[in-house]
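Colleague: If you read the sequence shown in the working numbering, its first letter stands for residue 1, the second for the next number, and so on.
A hint or two may mislead.
[To be verified] Calculated lysine to aspartate or glutamate pairs in the DMTMM-like style (CA-CA distance at most 25 Å, straight line): (1) Lys152 to Asp140; (2) Lys143 to Asp20; (3) Lys166 to Glu45; (4) Lys27 to Asp140; (5) Lys157 to Asp146; (6) Lys157 to Asp140; (7) Lys152 to Glu117; (8) Lys87 to Asp58; (9) Lys67 to Glu117; (10) Lys67 to Asp130; (11) Lys152 to Asp14; (12) Lys87 to Asp130; (13) Lys157 to Asp168; (14) Lys67 to Glu46; (15) Lys121 to Glu142; (16) Lys62 to Glu142; (17) Lys157 to Glu142; (18) Lys27 to Glu45; (19) Lys166 to Asp3; (20) Lys62 to Asp130; (21) Lys166 to Asp140; (22) Lys87 to Glu117; (23) Lys157 to Glu50; (24) Lys188 to Asp149; (25) Lys143 to Asp130.
[Claimed, not checked] Quick list of the computed label-pair ranges, beta carbon to beta carbon: (26) Thr8 to Asp118: 47 to 57 Å; (27) Ile11 to Ile193: 27 to 37 Å; (28) Ser15 to Asp140: 18 to 28 Å; (29) Ala57 to Lys121: 17 to 27 Å; (30) Ser15 to Asn162: 33 to 43 Å; (31) Cys38 to Gly185: 12 to 22 Å; (32) Leu154 to Gly120: 19 to 29 Å.
It is worth saying that the hints were derived from the structure and are not from the lab.
Ideal placement from N, C-alpha and C gives every residue a C-beta, glycine not left out.
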Amino acid sequence: MTDQQTVTNLINGDSRTIYDFFFVRCKPMLVYIGQYFCQQKHAPEELIGEFYEFLSADDWHKLRIFKYTCSLNSYVTIIASRYFQQKREEELLPLEEHIDVVKSVPYEGGVDAFFMEDFGKIIARLQPFDRFLVQRILIDGEKPSDILDEAKVLMAKDESLNTDAKTDAQFAGYVYTRYNRVRKGLQKQMVAIGYGK
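Using the sequences and the accompanying hints, generate a full structural model.
Modeller: Set out below in structure tokens:
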């Protein structure tokens, strides 16, 4: 069954496709991402059911706008990562908003310059792969799905990096979860030195 057929069947409420898609095809990815982001462990069925409710909301709006520029698995991995990340989002310094503000004003040595200097020092201490993720996604504003090929090349060159991902969807899940973990660490370090709440 092609991705387009799967999406059509999901939107039409085909019960067999819904079961196969959520509880067979996407189960490992959803359970991994859900349990990674959620502080309390949840039963796999609970995580899958919750994500099903989210994805099917608004008459499957998120599937209706899918452009098929990547695989359906990769697309759903992105949505699941964002959903479960938002679910456990902490009230910390919103780095993206702060960086967007800094980019929009001249670098003239004010508070924003100090922020970028402190932020740069923290980034310099990151592992090269994590620096790559922060630079391309957080600072440059690229979508993680656009950097997967480059990420694979970097991982192949660095023997200290290892992932058990065997498919593109699993590798995408690894990149998303790693980026979000690094981002959380950056937020905590910035708060620890006086930024944010």
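Colleague: A separate judgement is required for each hint: does it hold in the structure or not?
Modeller: Hint check:
This hinted pair checks out: lysine 152 and aspartate 140 have alpha carbons roughly 19 Å apart, not beyond 25 Å. As the CA atoms of lysine 143 and aspartate 20 are separated by approximately 28 Å, the hinted pair breaks the 25 Å bound. Distance check on the hinted pair: lysine 166 and glutamate 45 sit about 23 Å apart at the alpha-carbon level, within 25 Å; holds. Between lysine 27 and aspartate 140 the alpha-carbon distance is near 32 Å, which puts this suggested pair outside the 25 Å criterion.
Restraint check for lysine 157 and aspartate 146: satisfied, since their Cα atoms lie roughly 19 Å apart, inside the 25 Å limit. For the given pair, lysine 157 sits about 23 Å from aspartate 140 by alpha-carbon distance, which is consistent with the 25 Å threshold. Distance restraint check for lysine 152 and glutamate 117: the Cα-Cα separation of roughly 30 Å exceeds the 25 Å cut-off, and the hinted pair is therefore not satisfied. Annotation: proposed proximity of lysine 87 to aspartate 58 holds, straight-line Cα distance about 19 Å (limit 25 Å).
With a C-alpha separation of about 39 Å, the suggested pairing of lysine 67 with glutamate 117 is violated against the 25 Å cut-off. A threshold of 25 Å between alpha carbons decides the hint, and for lysine 67 with aspartate 130 the separation of about 29 Å lies outside it, so the pair is violated. This hinted pair does not check out: lysine 152 and aspartate 14 have alpha carbons roughly 36 Å apart, beyond 25 Å. For a cut-off of 25 Å, the pair hint linking lysine 87 to aspartate 130 stands: about 23 Å separates their Cα positions.
Taking the CA atoms of lysine 157 and aspartate 168, the gap is about 18 Å. The hint holds against a cut of 25 Å. Annotation: proposed proximity of lysine 67 to glutamate 46 is violated, straight-line Cα distance about 29 Å (limit 25 Å). With a C-alpha separation of about 22 Å, the suggested pair lysine 121 and glutamate 142 falls inside the 25 Å cut-off, and the hint holds. Note on lysine 62 and glutamate 142: the hinted pairing holds, with a Cα-Cα distance of about 20 Å set against a maximum of 25 Å.
With a CA separation close to 22 Å, the supplied pair lysine 157 and glutamate 142 stays within the 25 Å bound. The suggested pairing of lysine 27 with glutamate 45 holds, with an alpha-carbon distance near 9 Å, which does not exceed 25 Å. At roughly 19 Å between alpha-carbon atoms, lysine 166 and aspartate 3 fall within 25 Å of each other, so this suggested pair holds. A threshold of 25 Å between alpha carbons decides the hint, and for lysine 62 with aspartate 130 the separation of about 29 Å lies outside it, so the pair is violated.
Using a Cα cut-off of 25 Å, the hinted pair lysine 166 and aspartate 140 is violated, with the two alpha carbons roughly 28 Å apart. Restraint check for lysine 87 and glutamate 117: the C-alpha separation of about 31 Å exceeds 25 Å, so the hint is violated. About 38 Å separates the Cα atoms of lysine 157 and glutamate 50, which puts this hinted pair outside 25 Å; it is violated. Our distance criterion of 25 Å between C-alpha atoms is broken by lysine 188 and aspartate 149, whose separation comes to about 29 Å.
In summary, the hint linking lysine 143 to aspartate 130 is supported, as the alpha carbons are separated by about 15 Å, within the 25 Å threshold. Take threonine 8 and aspartate 118: their Cβ atoms lie about 50 Å apart, and the range 47 to 57 Å holds. Distance hint check: the CB atoms of isoleucine 11 and isoleucine 193 are about 48 Å apart, inconsistent with the given range 27 to 37 Å. As the Cβ distance of serine 15 to aspartate 140 is approximately 42 Å, the hint placing it in 18 to 28 Å is violated.
Take alanine 57 and lysine 121: their Cβ atoms lie about 42 Å apart, and the range 17 to 27 Å is violated. Distance hint check: the CB atoms of serine 15 and asparagine 162 are about 39 Å apart, consistent with the given range 33 to 43 Å. A hinted range of 12 to 22 Å for the beta carbons of cysteine 38 and glycine 185 is consistent with their spacing of about 18 Å. Our hint of 19 to 29 Å for leucine 154 and glycine 120 holds, since their Cβ atoms are close to 20 Å apart.
When held up to the earlier numbered hints, the structure conflicts with 2, 4, 7, 9, 10, 11, 14, 20, 21, 22, 23, 24, 27, 28 and 29 and fits the remainder.
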